[in-house]
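> Here is how the chains run, residue by residue.
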Amino acid sequence: MSKKSKSRLWFLVHSWLALPIWFFVLIVCVTGTLAVVSQEIVWLANPDVRASQPDGAAERLSYQQILDALHKAEPDMAVRSLSQPDGSHFAVTAAVTFADGSAPTLYVNPYTGAIQGKSPDFNFEAFTRALHGWWLVPFTNGYSWGWYLVSLLGLPMLASLVTGLVVYKKFWKGFFKPTLRFNHGARIFWGDFHRLSGIWSIWFIAVISITGTWFLIQAILGDNHISVSTEPVVPVIAREDVPRTDSGAPAARISVDEATRIAREQIPGLEVSFVSMPGNAYSHLYLGGRGWYPLMFQTVNVNPYNSKIESQFLIQDRSALEFVTESMRPLHTGDFGGLAIKLIWAFFGLLLSMMVLSGLLIWTKRTAQATAAALKRGERKQARTTPETATEASL
Amino acid sequence: MSKAAVAPASPLSRWWHKWRFHLNILLLLIPLGFMPKYFADAAMFRGDSGLGERDLGTIQVGPWQVQLAELRDEAPRADGPAGHFKAFNAALCNTCINEVKAAYLRIGKPRSLRAAGTIFFGPPYRMATNLPIPSKTKADAEIWITLEGWDGSMHQASIPLAKASPATLAWLNKQGGK
Numbered sequence: 001m002s003k004k005s006k007s008r009l010w011f012l013v014h015s016w017l018a019l020p021i022w023f024f025v026l027i028v029c030v031t032g033t034l035a036v037v038s039q040e041i042v043w044l045a046n047p048d049v050r051a052s053q054p055d056g057a058a059e060r061l062s063y064q065q066i067l068d069a070l071h072k073a074e075p076d077m078a079v080r081s082l083s084q085p086d087g088s089h090f091a092v093t094a095a096v097t098f099a100d101g102s103a104p105t106l107y108v109n110p111y112t113g114a115i116q117g118k119s120p121d122f123n124f125e126a127f128t129r130a131l132h133g134w135w136l137v138p139f140t141n142g143y144s145w146g147w148y149l150v151s152l153l154g155l156p157m158l159a160s161l162v163t164g165l166v167v168y169k170k171f172w173k174g175f176f177k178p179t180l181r182f183n184h185g186a187r188i189f190w191g192d193f194h195r196l197s198g199i200w201s202i203w204f205i206a207v208i209s210i211t212g213t214w215f216l217i218q219a220i221l222g223d224n225h226i227s228v229s230t231e232p233v234v235p236v237i238a239r240e241d242v243p244r245t246d247s248g249a250p251a252a253r254i255s256v257d258e259a260t261r262i263a264r265e266q267i268p269g270l271e272v273s274f275v276s277m278p279g280n281a282y283s284h285l286y287l288g289g290r291g292w293y294p295l296m297f298q299t300v301n302v303n304p305y306n307s308k309i310e311s312q313f314l315i316q317d318r319s320a321l322e323f324v325t326e327s328m329r330p331l332h333t334g335d336f337g338g339l340a341i342k343l344i345w346a347f348f349g350l351l352l353s354m355m356v357l358s359g360l361l362i363w364t365k366r367t368a369q370a371t372a373a374a375l376k377r378g379e380r381k382q383a384r385t386t387p388e389t390a391t392e393a394s395l
Numbered sequence: 001m002s003k004a005a006v007a008p009a010s011p012l013s014r015w016w017h018k019w020r021f022h023l024n025i026l027l028l029l030i031p032l033g034f035m036p037k038y039f040a041d042a043a044m045f046r047g048d049s050g051l052g053e054r055d056l057g058t059i060q061v062g063p064w065q066v067q068l069a070e071l072r073d074e075a076p077r078a079d080g081p082a083g084h085f086k087a088f089n090a091a092l093c094n095t096c097i098n099e100v101k102a103a104y105l106r107i108g109k110p111r112s113l114r115a116a117g118t119i120f121f122g123p124p125y126r127m128a129t130n131l132p133i134p135s136k137t138k139a140d141a142e143i144w145i146t147l148e149g150w151d152g153s154m155h156q157a158s159i160p161l162a163k164a165s166p167a168t169l170a171w172l173n174k175q176g177g178k
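So the protein lines, in turn, are chains A and Y.
Residue 248 in the UniProt record's numbering sits at position 248 of the first sequence, with consecutive numbering throughout.
Residue 5 in the UniProt record's numbering sits at position 5 of the second sequence, with consecutive numbering throughout.
What the hints contain is simulated information worked out from the structure, not anything from laboratory work.
Ideal Cβ positions, reconstructed from N, Cα and C, are used throughout, including at glycine.
Be a bit skeptical, because a hint or two may be false.
To be verified - Simulated pairs of lysine-lysine, DSS-like, Cα-Cα distance not exceeding 25 Å:
hint: 1; chain 1: A; residue 1: K376; chain 2: Y; residue 2: K18
hint: 2; chain 1: A; residue 1: K118; chain 2: Y; residue 2: K18
hint: 3; chain 1: A; residue 1: K3; chain 2: A; residue 2: K118
hint: 4; chain 1: Y; residue 1: K109; chain 2: A; residue 2: K365
hint: 5; chain 1: A; residue 1: K118; chain 2: A; residue 2: K72
hint: 6; chain 1: A; residue 1: K365; chain 2: A; residue 2: K169
hint: 7; chain 1: A; residue 1: K173; chain 2: A; residue 2: K6
hint: 8; chain 1: Y; residue 1: K136; chain 2: Y; residue 2: K163
hint: 9; chain 1: Y; residue 1: K37; chain 2: Y; residue 2: K18
Claimed, not checked - Computed list of chain Y residues with no C-beta within reach of chain A, every gap over 12 Å:
hint: 10; residue: S13
hint: 11; residue: G57
hint: 12; residue: Q60
hint: 13; residue: N98
hint: 14; residue: R106
hint: 15; residue: K138
Using the sequences provided together with the hints, build the complete structure.
Set out below in structure tokens:
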């Protein structure tokens, strides 16, 4: 095959990878972009989720102090877990259950312990993630087929990146001589835009498509019940370790602050950004937070009766394979380094969405031009020859 | 791309050539179709639509009462080699919250507290458990609720599986037919 027809073939492949499903890819890119900054969008829209400091001197409350404040405000309410979202500008979230069985999330001021609000019925973060992640198809037996549908897109996206770079000869020159022509018509502009944003997004498209493909692999492994996890399965607390009380009242448990203190004493450098209350009389206090490697969490199970750490899963407990597989999700979502990383992810997510659109625009405009040209030629030559077709030269 | 330049003949193929790459917009019908289900599920997990899809009423267990509900009115769900599971929710009476240490569910009467079955997790207002359903379970089986007190006492009650989950019964009958 000649060099020219080879590159034409690559060009064809590049066009066909996204073209027949452009709208699907576009919506997945747009919802993914929204999902990255969904927490920030809610922060902007809903004052309840902001951690407003009452006055400069006020200090943050400990988790037990927050629990005490919640119990004082709502004595009948059960708190399931407390969590400090990544970023001190966010209020603490408390997953609670009321006596009527309703189980919302409360936003709690980290300085005063005041309940600022209740999660609205429409959960924007969860909705954008569900739409982006599995196209809202419910999980009934293993992974939903919507999850497969979306994660399959990782493959054509990766192929688009590779074929795009093959077709775009000497693409690295674009870094030194960025071209974005505004005055040569829409086709030229979108072509320039597609290539320019493409080369600056190489790393991002690679990250998103590889991690997206991992989600596909994860589903295949999960549905075939293959696990790479070394995380210990924590057994319930042994029957003899849970006290029986003569009074018939619940046995005393250590405070959350005490559990945190014990965990931090025995595991130097342990950050605690969430605390889950024991799910029943036989379960542990579960707490943890990001480790020195910010893409992974470290977690500890503390026995609330005898204060012993009965299970832990730290960075150094991970296998080499887990370092790779566990890094995939945060790399995809960009939620491992605060607002700055999220904004970078959102920006390139938007650029990626625009690349889908510009790719479509190039194709439609080129086809329109090629059709018009072919018709003209056809009129001139009176159907003596077949019309010539567009080639990659017109990209 | 290339051959699209040739003007197609019939109206149908003209339509096809014009719209073929926009047909994937129809994929949007999938999330639109699942949206009611999505919001119904979200409301259910927030506890806004009761304890479960099928409320089984209040059951007297010794001195205590427990409200039981089938989370979803459907056949047990498969979980690989672990078998099939059926999710139930429960709520303790307000006066017994501080007396009950743990609640369990099991198919068939437990011989002892140690074999009381699967334990409920969650606050007493809304506890949940996944009950394993062996495919050879008999149609007249009963599910047993065991409540354990902090003072060491144990109380039990049962309801017919057919009443607790008609969908499970239908599923079991189908399993037997295989």
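> Against each hint, give a clear statement of whether it holds in the structure.
Okay, the hints, checked on the actual structure:
{"no.": "1", "hint": "A:K376 to Y:K18", "result": "19 Å, holds"}
{"no.": "2", "hint": "A:K118 to Y:K18", "result": "49 Å, violated"}
{"no.": "3", "hint": "A:K3 to A:K118", "result": "63 Å, violated"}
{"no.": "4", "hint": "Y:K109 to A:K365", "result": "73 Å, violated"}
{"no.": "5", "hint": "A:K118 to A:K72", "result": "17 Å, holds"}
{"no.": "6", "hint": "A:K365 to A:K169", "result": "22 Å, holds"}
{"no.": "7", "hint": "A:K173 to A:K6", "result": "22 Å, holds"}
{"no.": "8", "hint": "Y:K136 to Y:K163", "result": "18 Å, holds"}
{"no.": "9", "hint": "Y:K37 to Y:K18", "result": "34 Å, violated"}
{"no.": "10", "hint": "S13", "result": "14 Å, holds"}
{"no.": "11", "hint": "G57", "result": "15 Å, holds"}
{"no.": "12", "hint": "Q60", "result": "19 Å, holds"}
{"no.": "13", "hint": "N98", "result": "6 Å, violated"}
{"no.": "14", "hint": "R106", "result": "16 Å, holds"}
{"no.": "15", "hint": "K138", "result": "25 Å, holds"}
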